[in-house]
Structure formats: C-alpha cells, structure tokens
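In case you want the letters, here they are:
There are 2 protein chains.
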Amino acid sequence: MSQNKEREHSCLTGACQAGISPVNVAIVGASGAVGHELVKVLEERNFPVGELRLCATSRSAGKVMSFKGQSLTVEETTPDSFTGMQVALFAGGSASKEFGPAAVERGCVVIDNSSNFRLDPEVPLVVPEVNPGDVKWHKGIIANPNCSTIIMVVALKPIHDAAGIKRVVVSTYQAVSGAGAEGIAELSGQTGAIVNGGEYPPGKFPYQIAFNLIPHIDVFQDMDYTKEEWKMVKETHKIMHDSSMGITATTVRVPVYRSHSESVNIETNKKLTAEQTRTILAQAPGIIVVDDPREKKYPMPLFCSDKDEVFVGRIREDNSIPSGLNLWVVGDQIRKGAATNAVQIAELLVKYGCLQV
Amino acid sequence: MSQNKEREHSCLTGACQAGISPVNVAIVGASGAVGHELVKVLEERNFPVGELRLCATSRSAGKVMSFKGQSLTVEETTPDSFTGMQVALFAGGSASKEFGPAAVERGCVVIDNSSNFRLDPEVPLVVPEVNPGDVKWHKGIIANPNCSTIIMVVALKPIHDAAGIKRVVVSTYQAVSGAGAEGIAELSGQTGAIVNGGEYPPGKFPYQIAFNLIPHIDVFQDMDYTKEEWKMVKETHKIMHDSSMGITATTVRVPVYRSHSESVNIETNKKLTAEQTRTILAQAPGIIVVDDPREKKYPMPLFCSDKDEVFVGRIREDNSIPSGLNLWVVGDQIRKGAATNAVQIAELLVKYGCLQV
Chain A
1 MSQNKEREHS CLTGACQAGI SPVNVAIVGA SGAVGHELVK VLEERNFPVG ELRLCATSRS
61 AGKVMSFKGQ SLTVEETTPD SFTGMQVALF AGGSASKEFG PAAVERGCVV IDNSSNFRLD
121 PEVPLVVPEV NPGDVKWHKG IIANPNCSTI IMVVALKPIH DAAGIKRVVV STYQAVSGAG
181 AEGIAELSGQ TGAIVNGGEY PPGKFPYQIA FNLIPHIDVF QDMDYTKEEW KMVKETHKIM
241 HDSSMGITAT TVRVPVYRSH SESVNIETNK KLTAEQTRTI LAQAPGIIVV DDPREKKYPM
301 PLFCSDKDEV FVGRIREDNS IPSGLNLWVV GDQIRKGAAT NAVQIAELLV KYGCLQV
Chain B
1 MSQNKEREHS CLTGACQAGI SPVNVAIVGA SGAVGHELVK VLEERNFPVG ELRLCATSRS
61 AGKVMSFKGQ SLTVEETTPD SFTGMQVALF AGGSASKEFG PAAVERGCVV IDNSSNFRLD
121 PEVPLVVPEV NPGDVKWHKG IIANPNCSTI IMVVALKPIH DAAGIKRVVV STYQAVSGAG
181 AEGIAELSGQ TGAIVNGGEY PPGKFPYQIA FNLIPHIDVF QDMDYTKEEW KMVKETHKIM
241 HDSSMGITAT TVRVPVYRSH SESVNIETNK KLTAEQTRTI LAQAPGIIVV DDPREKKYPM
301 PLFCSDKDEV FVGRIREDNS IPSGLNLWVV GDQIRKGAAT NAVQIAELLV KYGCLQV
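Chains as they are written, first to last, in full-length UniProt numbering: chain A, 1 to 357; chain B, 1 to 357.
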C-alpha cells in the first residue's frame, strides 16, 4: 500500500494521471554508454515510467543523471535495488548474472542486454519486429540480442517471410562504440594524437583502430570464428525460429564512432527481384529503405546514428545464383542494437499485460 | 645506332655492364600516387632500367623526381616521348587512350593501369601469379587489372587450382588512396579539421569519409552495381579464364589510408579444410599467410602497406554449405594492386623475350 503510494508519488512521466499504469523501472549499468541511451530512449519513446531507479557499480554510484528534466542519482546495485520495480533493464556485462535472479525474485522482468542468457533455452531472445510473441513465455528474464544480430534480423525477417531464406553471408563494419565509451575514447584520443603527430597506444582494442581495420571482435572460439561471429549465427537461428538457415559471418571493427554496417548476401528459396525486395522492406516495421544510387542515396553510419530504425540500401539481385540478393544494412547499435530494442521489449510487456501490478 | 649509344650511355641501373640487356622505360603519369610508386618499385625490384623517361601532363612537367639517386625531370607526354623506349607504364586515367597507340607504333609494349583496355578481347589482362602466359599474346598493350581484383585473384587462384571455385561473395573495405593522392589528402585534411573542431567538406568523395563508410566506389551501372563491383566480376572472369565462376561484390570506401581489405566467401567444388587451405595459400606465389588468431595474428591494412605481397588470414571453413571457405585478404592497392603488378608484367616481358631490342 505504502509502496503503491510511493510509486504514484514518484511517477516521472504523468502516466498515472493519464490513466496509464506507470511502470517502475530499474536500469543496471545506467552510467555507461548503453545505460545513458536507455534513459534517453525511455524518455523519447514516452515509456510510461513510474519510478526510475538508476543503478551501477559502486564506482559510478553518486553520479547524477537526468530524466525528463529531473535529476536522478545513480545508486550502487544491490538485491534490494529491485524491490518495488517491475522492469529491470540490464545494460550489459556480468551484472545480470549477479543480480538478475534477485530482480526476478522480487517480481521484476529482467531485460538483459548482455550475452549471459541469450542462448539459454529457458530465456526468450527477442527482436520486437521479428518474434514479439516470444516475450509471452518468459520466466523472468528476456534477452536482448547482440547488436549486429539485431540489425541484421530486422532486415532478414520480411525477406524470410516473403521468400524463405536459405543462406546468409554477412561481413560487418562495426563502430567503436560497440566496445562502449572506452571504444569511443580510444578512437577519438588515438586519431587526435596521430593527427597532431603524437602517439596513443591501443588499450581497449588489440591494435590501433584509427585509420585501421581489426578483423577480431570478442574472443576466438570454435573453427577460428570469433564469439561475435557465432552470435550472428546462433542468435539469428533462435530469433528466427529456424536453425536450418545457413549463416556465415566475418566481423570487423572499423574506425567509425557509431552505427554498425553490414554487407549481407542472401540466398532465398523463391526468387525476389530487387524491386520486390525494396517494396517488401519499405513496408516492414522498423526499416527505412534508402536506395536511390543514381541520386547517391544509400545508408552510411554517419547519418544513421541516433535513429531507432534499421536503414537498408544497395538492394541488388545477385546473379551469381538463381535467387540471390545483396543488401547494405546500417543501424545505430547503441539504439536499435541495444537500448531501443530493450525498451521495445518493455513496451511489449506492457502491451501483453506481462508485468506484475 | 646513335640511339643505342645513347641508351647505353644513360643506363641507370648498371644492367648493361652486368651483361643484362637494359630496358628503356617511359612512365606516363609519373607525378601521381601510382607514378611515384612505379618509380620506387622499379628501383626496389632492381628492374634492369636503361633509360627512364618520366612523363605527365603539362601541369606536372618540370617536377623533379629521384630514381636510384639520380634526379629526373618530368616531361610533358607527347607521342615522341616513346621514341627509343621499350616499355611504357601508364599509371592511369585517360592517357593510355590518348598516347597508348603512339607508344605501340614506336615499338613500346604498353602496360596500362587504367580500365581503358581491360575488357578488350585483343588485350591481355594479367596478374603474374595467375595468368603469366597471357603476356605472350599481347598486341602492344597489356592491361593491369583493377586493384581490388588483383588482390582477390592472387588469393583465389591457388584455391581454384586445388578445388575449383564455384562461387565468390566478396565485400571490400577500400582505402582512400585508391582514389589517388587527392583521396589521401581528403581523409587527412578532413580528419584533422574534425579533430580540431573545424570543417572540411567532401570533394573527392561524395560524402565525408572521416569516421564514415561510403558504399559507393566509381559510377553506378547495370543492376545498381558500381563499376568497381562489376570490375571484380568481369576482370576476375577474364584473368582466371573462367566466366562460369559465380562472383558478386559489394565495394565500400573506408577511412583507412592505404591497403584494401576484402572479406571473401568462397564455395568450392571439392571440399577443402581450413588447414589444407592454409597450406595451399602459404605455398602459393605472392601470398603471405598471417593466420594465428589465438596470438592475435591476422592481416590489417595498417601493417600491410608498402608490401608487394597479398596477406591472407582468418581462414575458416564455412559450414553453411558443404564446401565453403571464408578468407580475410589485405593488400597494398598502390603496390600489388597497381605498381608492383605492372612492374611484374614488365619482368615477364623481359623473361619471355617479348621486348623489341
């Protein structure tokens, strides 16, 4: 009772006055790059936030962040951080392993941006444009897929529905912010040093990233593929509910601040023309088609950042096989590749009435 | 007679004293990025240069360049520039259209780095590691392939010989120096301006290239593929003498100064393991395998520049099809992708005795 009163009292969005049940939200890892974006996206999408609790490690506790014009102080995450909360958004890292079960025990639905639970058969892995219904069978935790995977599957889904995808060959061009705020700082500091005749040794990345490419993201695993490359295979199979789809990936870090790009080659069962594909993609949710090459219109990471949609261009038939397509897909991996997708999952929970009152 | 005397007199390499017939070489477009590299590569590879004549447009005439410690003045190209020369190396652009026939009439073999004659059925298109014998049927002009194509076919050839290549899906990551000295200046100036809070509008490239990717190299043509993408298809077919090979390409400009990188997916007729592929490539001419991911060893453009070889790493079986491979291929596109390949063709002409004495 007192909890409800407190909740109404601290409703940050006016949702309660508008007759919408406000949702109490905890963000874990609030002070990092994805955490900041989660706060921003909750605000921008006007998610009906009741109380907002910002949590992080003790190192970041005490920082002040802003939400809808109000200042909120970051607290150290403890099991009790989740008391009275209904949704817990975990930005990444190991925190969901440590605190996820405590949040679930306290009645929260955990939406986890880390890779900790993504391939757990008890945990739905959700991209709202692709498999929204999977949120319904959650058992407390819902996983947010890897950024490169999210961006790709949003583009694959409508093609799979229309023509059946047999095989995908993807090569990525991944921005440094995929490695968090430290990745951004390293590209910036390193470029500045080089331009001004100085040096800035690699720290976050294994080699200099300024004016270079590093074909190595995350650790190396089976068959000499990186974990990032396997994520694009295994997570896509799970999200698309189709493990027969052939997928092979090469993931590469590039000296771009934000937005991942992907060169995606697709073999379909049924032939699609470029024009049919353009129409299908333009009508699909979460996609903006930018594809008028004669007018020099195609997606580029510099112009796709801070956007919630996935941008698709360079749509071409691949005549090296009977039913082939090439796409160039770009998406802001902190937005749609992380924060936006997580908030969209929370929106589905509200829509489907999946939250404890 | 007097010509021969003059030639001996001006022999720049000591080839004549060493009993090797010196070769008189004209370089057209000597003052550009590829022209400079041609001079450097002739020197480094100790090509038996007799007289060296440096030619360019009137704008660059009068510039002084150095070869083996001697200063040479750039002349304006005229038909008479080729009198007494045996090999004419054309760095690029339209010069070979204008002066190529005049050079051939004067007994020169033209080695042309432009795309003007590459698909002409009367003109051999040669990568010495792949189709050296094609120099023998030249009718005065030999074409040097597109840089991205050269780098790819050096890696494809030994695999094609061992297992038969059915299909290739390639995505490129191309350095700004592929657009010449102006491309380098634009990345450098633009990055410096951005780092120091200024602006540097695009000129050479259609959009900002610093911290961005541009999926557009050369003009758009059939089926919305760029000319650069079609070059990788059509030139590969011609060089490999196999137009049945399925090839599809997506070419992308990246903010890297030098060396092109390519993510190459290959379907072979006969299955090759990653280990077999590694062995085959390591034994092939012009290739250095850098592939020890656990030790963070893979090719990167920053470390492949100023090298004549093509570097191959990230060699993996692609299990999305029965006989698939993924490679990450990097090569200096001004060296092996242009100047080195041209000088190697000249070396073949000497070896096969194809030059007029």
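Worth double-checking, as some hints may not be accurate.
Which copy? The list can't say, so a pair holds if one copy fits it or any two copies do.
Claimed, not checked - Derived BS3-like pairs: lysine-lysine, alpha-carbon spacing no greater than 30 Å straight-line:
| no. | residue 1 | residue 2 |
| --- | --- | --- |
| 1 | 40 | 270 |
| 2 | 97 | 136 |
| 3 | 234 | 270 |
| 4 | 296 | 227 |
| 5 | 63 | 297 |
| 6 | 227 | 297 |
| 7 | 227 | 63 |
| 8 | 136 | 40 |
| 9 | 234 | 63 |
| 10 | 97 | 63 |
| 11 | 166 | 204 |
| 12 | 166 | 234 |
Keep in mind that the hints were calculated from the coordinates and are not lab data. The model shown is predicted, which means the values in this text are computed figures rather than measured ones.
Between residue 166 and residue 204, at a C-alpha cutoff of 30 Å, which is it: within one copy, between copies, both, or neither? Cα proximity of residue 166 and residue 204: none, with 37 Å in one copy and 40 Å across.
Within, between, both or neither: how does the pair residue 234, residue 270 come out at a Cα-Cα threshold of 30 Å? Both, since 24 Å and 27 Å are each at most 30 Å.
If the cutoff is 30 Å on CA atoms, where do residue 227 and residue 297 land: within, between, both or neither? Let me know, please. between (33 Å within a copy, 17 Å between copies)
Please work out whether the CA atoms of residue 166 and residue 234 approach to 30 Å or closer within one copy, between two copies, in both situations, or in neither? Answer is both: 15 Å inside a copy and 26 Å across each meet the 30 Å cutoff.
Residue 40 and residue 270: within-copy, between-copy, both or neither at 30 Å Cα: Classified as neither: same-chain Cα gap 41 Å, cross-chain 53 Å, threshold 30 Å.
Please sort residue 234 with residue 63 into within, between, both or neither, judging by C-alpha distance up to 30 Å. neither (37 Å within a copy, 59 Å between copies)
If the cut is 30 Å between Cα atoms, do residue 136 and residue 40 qualify within a copy, between copies, both or neither? So residue 136 and residue 40 pass the 30 Å test inside one copy only (26 Å; across, 66 Å).
First find the shortest C-alpha distance between residue 63 and residue 297 inside one copy, then the shortest across copies, and answer within, between, both or neither for a cut-off of 30 Å. neither (42 Å within a copy, 40 Å between copies)
With identical chains treated as interchangeable, where does the CA-CA distance between residue 296 and residue 227 reach 30 Å or less: within a copy, between copies, both, or neither? between (35 Å within a copy, 14 Å between copies)
Measure nothing new, just compare the shortest in-copy and cross-copy C-alpha distances for residue 97 and residue 63 to 30 Å and report within, between, both or neither. For residue 97 and residue 63, only the intra-copy Cα distance (24 Å) is at most 30 Å; the inter-copy one is 67 Å.
Are the CA atoms of residue 97 and residue 136 at most 30 Å apart within a copy, between copies, both, or neither? within (22 Å within a copy, 67 Å between copies)
Could you place residue 227 and residue 63 in one of the four classes (within, between, both, neither) given a Cα distance threshold of 30 Å? neither (33 Å within a copy, 53 Å between copies)
In summary, the numbered hints that this structure violates are 1, 5, 7, 9, 11.
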